[in-house]
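K.L.:
In case you want the letters, here they are:
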Amino acid sequence: KAGVTQTPRYLIKTRGQQVTLSCSPISGHRSVSWYQQTPGQGLQFLFEYFSETQRNKGNFPGRFSGRQFSNSRSEMNVSTLELGDSALYLCASSLRQSNTEAFFGQGTRLTVV
Amino acid sequence: AQSVTQLDSQVPVFEEAPVELRCNYSSSVSVYLFWYVQYPNQGLQLLLKYLSGSTLVKGINGFEAEFNKSQTSFHLRKPSVHISDTAEYFCAVSEGSGTYKYIFGTGTRLKVLA
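As you go down the protein sequences, you meet chains H and W in turn. Using my numbering, read the first sequence as starting at 84 and increasing by one per residue. Using my numbering, read the second sequence as starting at 13 and increasing by one per residue.
A couple of the hints might just be wrong.
Under the rule of at most 20 Å between Cα atoms (straight-line distance), these lysine to any residue pairs were calculated in the SDA-like manner [unchecked claim]:
1) W/70 x H/184
2) W/81 x W/60
3) W/61 x H/178
4) W/61 x H/179
5) W/123 x H/122
Pair ranges (Cβ atoms, derived) [as the list claims (entries may be wrong)]:
6) W/125 x H/162: 40 to 48 Å
7) H/91 x W/74: 34 to 42 Å
8) H/98 x W/29: 43 to 51 Å
9) H/162 x W/29: 45 to 53 Å
10) H/111 x W/96: 29 to 37 Å
11) W/76 x H/97: 43 to 51 Å
Some chain W residues near chain H, calculated using beta-carbon distances under 8 Å [said to hold, decoys possible]:
12) 102
13) 113
14) 114
15) 118
These aren't lab readings, by the way, just hints derived from the structure by calculation. As the structure is a prediction and not an experimental result, all values here were calculated from the model. Ideal Cβ positions, reconstructed from N, Cα and C, are used throughout, including at glycine.
Model the full assembly from the supplied sequences, consistent with the hints where possible.
P.N.:
Next up, the structure:
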């Protein structure tokens, strides 16, 4: 069974640009969550999607957005990139039932220069 | 608001020695608790979880954790560590089933020495 796939693995962007990251969940999983990991702030929750609807949102500015498609694949977008957006972005998928866990992808490392 | 505290940022330990990684949480409601491990340049892998029932939870790779409601703790233990256990360990809390909004601790870097 394939795991959570995030593309691309590495990305370098310039300040002011925008970026789109992709996440393909495990087959059959309908919930996708996104996290930002930085050395200074650690792991912070960005948002959670289930059945194409955002169910939870973390404390991030509106430059961070996401969506989920009918096949459960998800994308997140960051507009007007800032140096501080450099981070490892992790996606996690789950069945969205009790007693299940979130399975994480390997992440996309975004560097803003 | 929920929060998770991992007091030790780094824990060095010799191979085959026991280890305990500490985690305390604060929440006004019932919580689900998790320990994840992260190897370099990798995502997070679940070690174990506490949802309900027995307060002693056994996970993969010989790890276990004990949920202590009165002390709001969920410490991770392993009786004998291996070099391959060198990694970063994260404690996380979630307030309810069906949501995967985790609040993570700042992580503990476990370094196993030969």
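K.L.:
Of the hints stated earlier, which fail here?
P.N.:
Hint check: nothing fails, all pass.
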